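With chain A's structure known, arrange chain B on it following the hints.
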Amino acid sequence: MPRPARTERGLPAPADAHRSTATMRVWDPLVRIFHWSLVTSFAVAWLSRHGSELLHDGAGYLAAGLVLVRVLWGTLGTPYARFSQFVRGPQTVLRYLRAILGGREARHIGHNPAGGAMALVLMAGMAATALTGWMMTTDAWFGVAWVQTVHGLIAQGMLLLVALHVGGVALACLRHRENLVAAMITGRKRKAAAGDVA
Amino acid sequence: MYRAFVITALALLISGPAMADASCSKAPSSKFQPKTTLEEKLKAEGLTVRQIKLEGGCYEVYAVDKDKKKVNTAYNAETLEKVANAEAGED
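Residue numbers (the working numbering), protein chains in the order written: chain A, 12 to 209; chain B, 37 to 127.
Chain A with its partners taken away, still in its complex shape (with noise of 0.2 Å):
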């Protein structure tokens, strides 16, 4: 029995389609795939963080390769995944920033100014957690107080962060009408209409 169409993708929207349906690529599977990769080796590591060494020690290496590999593919990977698509300057992402207060800032198809500056420093403190915590396995810096209350900092910071950075696209959710953590899941966003930034 033949099954039914998957999706009306590529199909062009009909006519009288208030918002147009028609979608396009936009996070490759690297980028998809590193995310939720991500996401799962944080929340080992934070759960398991009074629990096994091997489980915590595990995520974290997991973590560090994968910001390695993300940062490489941010320089060679497909136009969305580039830093230069999505890192701004301090200035834009306030600017961006007070439009949303403003409720006026526009729609991204990659990410906006904030969420670019969001995922940068979710690597940068990934990348910091994880350094932190290999240099407590070291002869050098086995025991040493401050690695470990700085280690500790960063990932309760990096907790912090991942609620802001979950309340910021929940937010772009709702403003721009559109499923984010399902794109990030198919990688497929609402093509860009007018007023959006392609």
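In short, the hints are calculated from the structure, not lab data. Among the hints, erroneous ones may be present.
To be verified - If you only want the chain B side, here are some residues facing chain A, beta carbon under 7 Å, derived:
hint : residue
1    : E81
2    : T84
3    : R86
4    : K104
5    : K105
Claimed, not checked - Computed spacing ranges between beta-carbons, pair by pair:
hint : chain 1 : residue 1 : chain 2 : residue 2 : range
6    : B       : K89       : A       : P40       : 38 to 48 Å
7    : A       : S95       : B       : K105      : 19 to 29 Å
8    : A       : G113      : B       : K89       : 41 to 51 Å
9    : B       : L90       : A       : T148      : 45 to 55 Å
10   : B       : K79       : A       : A156      : 30 to 40 Å
11   : A       : G69       : B       : K79       : 30 to 40 Å
In this text, all values refer to a predicted model and were calculated from it rather than measured experimentally. Glycine is no exception: its CB is placed at the ideal position from the N, C-alpha and C atoms.
Just chain B, lined up with the frame of chain A:
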């Protein structure tokens, strides 16, 4: 032969608990020995102590030996007996 077996078994039964690894203290913290006592003991063993943390009824020690290799151990805070698992106090 049979007698020897029974005697050996009994001897093991009696000595068994004494040979078992120490565990963390369940006594109130007023019974605990001071960290400095443990630190002195470890220094005498040739360790350089970086940190001693009280975790439950155990002191977890972060130290390096003479070859600058890390040493992670735990001691019963009341008796200062070594505990097999360095993370014993966290459970």
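Quick rundown of the hints versus the structure:
1. E81: Constraint on B:E81 not satisfied, violated at 16 Å.
2. T84: 10 Å, violated
3. R86: 4 Å, holds
4. K104: Check passed: Cβ of B:K104 comes within 6 Å of chain A, closer than 7 Å.
5. K105: 6 Å, holds
6. B:K89 to A:P40: 38 to 48 Å: Given range 38 to 48 Å: holds, Cβ gap about 44 Å.
7. A:S95 to B:K105: 19 to 29 Å: 46 Å, violated
8. A:G113 to B:K89: 41 to 51 Å: 50 Å, holds
9. B:L90 to A:T148: 45 to 55 Å: 22 Å, violated
10. B:K79 to A:A156: 30 to 40 Å: For B:K79 and A:A156 the Cβ distance comes to about 18 Å; the hint is violated.
11. A:G69 to B:K79: 30 to 40 Å: Given about 34 Å between the Cβ atoms, the range holds.
The structure shown violates the earlier hints numbered 1, 2, 7, 9, 10.
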